[in-house]
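Hey, can you work out the whole structure from these sequences and the hints?
For the record, in the sequence shown the residue sitting at position 217 is 217 according to the UniProt record's numbering, with numbers rising by one throughout.
It is worth saying that the hints were derived from the structure and are not from the lab. Every value quoted in this text rests on a predicted model; they were computed, and no experiment measured them. We put the CB at the ideal spot given by N, CA and C, even for glycine. Check the hints yourself; a few may be wrong.
Label-pair ranges, simulated between beta-carbon atoms [said to hold, decoys possible]:
id, residue 1, residue 2, range
1, 683, 548, 44 to 54 Å
2, 224, 434, 46 to 56 Å
3, 231, 271, 50 to 60 Å
4, 605, 714, 33 to 43 Å
Quick list of in silico lysine-lysine cross-link-like pairs, DSS-like style, CA-CA up to 25 Å [as the list claims (entries may be wrong)]:
id, residue 1, residue 2
5, 56, 527
6, 534, 348
7, 534, 56
8, 546, 714
9, 479, 546
10, 719, 546
11, 534, 641
12, 348, 499
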Amino acid sequence: MLGILKQPIVVTTEINVSLVALTVMGLMSRLWGLSYPRAVVFDEVYYGQFVSLYMKRIFFVDDSGPPLGHMLLALGGYIGGFDGNFLWNRIGAEYTTNVPVWSLRLLPALAGALCVPLAYQVVVELQFSHCAALGAALLILLENSLITQSRFMLLESILIFFILLAVLSYLKFYNLQRHSSFSGSWWFWLLLTGVACSCAVGVKYMGLFTYMLLLAVAGLHFWHMIGDQNFSNVSLVCHCLARGLALVVIPLAMYLSFFYVHLTLLYRSGPHDQIMTSAFQASLEGGLARITQGQPLEVAYGSQITLRNVLGKPMQCWLHSHTNTYPIRYENGRGSSHQQQVTCYPFKDVNNWWIVKDPGMQQLVVSNPPRPVRHGHIVQLVHGITTRYLNTHDVAAPLSPHTQEVSCYIDYNVSMPAQNLWRVEIVNRESETDVWKTILSEVRFVHVNTSAVLKASGFLSGASLPEWGYQQLEVVGEKLSKGYHQSMVWNVEEHRYGKSQEQKERQVELHSPTQMDMSKNLSFMAKFMELQWKILTLKNEATEHKYSSSALDWITMDTNIAYWLHPTSGAQIHLLGNVVTWASANVAALIYTCLSLWYLIRRRRRIYDIPEDVWQLWVAAGGICLGGWAVNYLPFFLMEKTLFLYHYLPALTFQILLIPIVLQHLGTHLCRPPLLRSMFSALVVAWFSSIYLVYCTFSPVTYGEPSLSVTELKDLRWKESWNVLFRKQ
1 MLGILKQPIV VTTEINVSLV ALTVMGLMSR LWGLSYPRAV VFDEVYYGQF VSLYMKRIFF
61 VDDSGPPLGH MLLALGGYIG GFDGNFLWNR IGAEYTTNVP VWSLRLLPAL AGALCVPLAY
121 QVVVELQFSH CAALGAALLI LLENSLITQS RFMLLESILI FFILLAVLSY LKFYNLQRHS
181 SFSGSWWFWL LLTGVACSCA VGVKYMGLFT YMLLLAVAGL HFWHMIGDQN FSNVSLVCHC
241 LARGLALVVI PLAMYLSFFY VHLTLLYRSG PHDQIMTSAF QASLEGGLAR ITQGQPLEVA
301 YGSQITLRNV LGKPMQCWLH SHTNTYPIRY ENGRGSSHQQ QVTCYPFKDV NNWWIVKDPG
361 MQQLVVSNPP RPVRHGHIVQ LVHGITTRYL NTHDVAAPLS PHTQEVSCYI DYNVSMPAQN
421 LWRVEIVNRE SETDVWKTIL SEVRFVHVNT SAVLKASGFL SGASLPEWGY QQLEVVGEKL
481 SKGYHQSMVW NVEEHRYGKS QEQKERQVEL HSPTQMDMSK NLSFMAKFME LQWKILTLKN
541 EATEHKYSSS ALDWITMDTN IAYWLHPTSG AQIHLLGNVV TWASANVAAL IYTCLSLWYL
601 IRRRRRIYDI PEDVWQLWVA AGGICLGGWA VNYLPFFLME KTLFLYHYLP ALTFQILLIP
661 IVLQHLGTHL CRPPLLRSMF SALVVAWFSS IYLVYCTFSP VTYGEPSLSV TELKDLRWKE
721 SWNVLFRKQ
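What follows is the structure, encoded as structure tokens:
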């Protein structure tokens, strides 16, 4: 035992100096002058709002994607001690002293810097030379567009970091497969692949493209394993379960965890509450939860309620009536019932209150004990202020003549009897005897006489009633045969047990504030499902932007984005790529495609121009690099959204990785004579020198300094389609 101490304890390690140097250069290129400009740059005006809401723990919904990216930006603000107090209202606004600009931009910059060594390692793991890997890293290092995008409070650099990390992790895992399956390092890289994939998807849904690519590659590799007789059945099952756990189960669990943290942090009511259901709003501190304390859970006969439409977009609204009647004749000459108007009103109002009445009894108060209303029960809805009954009949609605008019019945002593019986159908019921619950139950009201369903049609038509209806939204009776829609579903938001039988006393009661408290909060999964559905469906309409572009413009970089302009000098920042790199990436993709087709045709004729192991590496590299470019680029042709040049950056990153791979292949297998190989090497050196020269040329608009004169700016406008800003002298 003591003999061990007679010899010195020595620890040896290998350091890849190239990798360390690349990391240092990446950090320098992304972190240098990070606080400049100390002003809001382009989409910082968008993401900054969410960072402020995180700092104040205020709930919000961003329809652009999951919350991980926003939380990482907020982490930078938290590290810097940001209190969230800044008005993110315009690009170019100067940051106040309480805004930690360096900290807010730190994580995107670090992610962008680490993409440089990741690119190096990806090419190495693809079994290409260290020289090719060094070339790939330097191309990423000197790519102006990637530098610009990573130096501000934006998400693309974080997305690209997780994408490259996922690819690298899978390649390392796959290369370990041959000789050390189920070892510690094998498990580490497999699990890290799943973690990185979930993080990529959690930052932006664009990460889903690379995730699906890696799943396809993993599936193909496992398919080949099935045909390998060296693997037993038990071993194959274990491999399948391991991949399923790491690449499916863990990413799903992590994705849920992002929302769990998001919802835990944002527990206060905020400006986006109105698009969520009443149950969700009631789970937040303040807002509806502040209004609602002490409310009965079960709706009973005699309950006084407000009914909110579940659809909630483009605005929330409540079932409403007032003393005004429909005009005898509309502008188009059609007649109406001249009954009391029923609308959907987007504000809280005393005229939103209704009383749930038992058709077989006259009382409008809750009995003791209360008699709860259940699924399938027949009720009458009495307007609280006017005491008229909710009614519909075979009269065309004012704006939607194919549907029935909904009104509060006035007895004009004509041949139009009241039809005011409604069947309560609880949509989200668990059994046929479910009790109608406040906030939690989503109900439809089916008219007994005509089978029409109470519906807020103004949401779908986008039209509001004319002046006689005070521009409120139309409510109609829609036939069941027309199908189901959220505009037909309502939930009780405010609720009290009525105590006053006399009308005057009841009006005083209706005017008094309610107090309600949701004793039963929504579960995390219920909140997650609702929030996820809102993110996926609540899409802003595609609008034209000064710097928006089409996917076709990106390949040749026929567009740019002006990110920032100094208020007095000519200093400015643009999202512009390295022209030589972008052109080289397109050429490399074309050469790879043509060579692959040529090799395939020749191999079909049993002519093998390159060794089998080289062919396998060539195909694998194309699957990752060209496949990564395709899955991150082609889907944009199918998207109906406003597109910008930065959407192309993940695809561009994969295409850049292909350049040194193609160059190595050309130099090794097509330029075999020494003279030709020397000439090829000289051309590569000249080509790379031109990339560095272009990087230096465009650095002033990449970093925003030094300030350029009008003449110098005009010299940088290499394409007429580029929008370079010239300040008037």
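Exercise. Straight-line Cα separation of residue 534 and residue 641 no greater than 25 Å?
Worked result: Holds, because 17 Å separates the two Cα atoms, which is no more than 25 Å.
Exercise. Does residue 534 pair with residue 348 here, judged by a C-alpha cut-off of 25 Å?
Worked result: Answer holds: residue 534 to residue 348 is near 23 Å, not above 25 Å.
Exercise. Is the hinted pair residue 719 and residue 546 satisfied, with a Cα-Cα distance of at most 25 Å?
Worked result: Within the cut-off at roughly 17 Å; holds.
Exercise. Is the gap between the beta carbons of residue 683 and residue 548 within 44 to 54 Å?
Worked result: Hint violated: Cβ distance 38 Å, outside 44 to 54 Å.
Exercise. Is residue 534 close enough to residue 56, meaning Cα to Cα at most 25 Å?
Worked result: With Cα atoms ~22 Å apart, residue 534 and residue 56 stay inside 25 Å; holds.
For this session: Assess, step by step, whether the Cα of residue 546 is no farther than 25 Å from the Cα of residue 714, and give holds or violated.
Result: holds, 20 Å
Problem set entry | Restraint check for residue 348 with residue 499, where alpha carbons must lie at most 25 Å apart | Measuring from Cα to Cα gives roughly 22 Å; hence the hint holds.
For this session: Look at the Cβ atoms of residue 224 and residue 434 and judge whether their distance stays inside 46 to 56 Å.
Result: holds, 53 Å
Problem set entry | Pairwise beta carbon distance, residue 605 to residue 714, judged against the given window 33 to 43 Å | Taking Cβ atoms as reference, residue 605 and residue 714 lie about 55 Å apart, which means the hint is violated.
For this session: Assess, step by step, whether the Cα of residue 56 is no farther than 25 Å from the Cα of residue 527, and give holds or violated.
Result: With a Cα-Cα distance of about 20 Å, the restraint between residue 56 and residue 527 holds, given a limit of 25 Å.
For this session: Using the Cβ atoms, figure out if residue 231 sits within 50 to 60 Å of residue 271.
Result: holds, 56 Å
For this session: Given the hint that residue 479 pairs with residue 546, test it: the Cα-Cα distance must not exceed 25 Å.
Result: violated, 45 Å
Going through the hint list in order, the structure does not satisfy hints 1, 4, 9.
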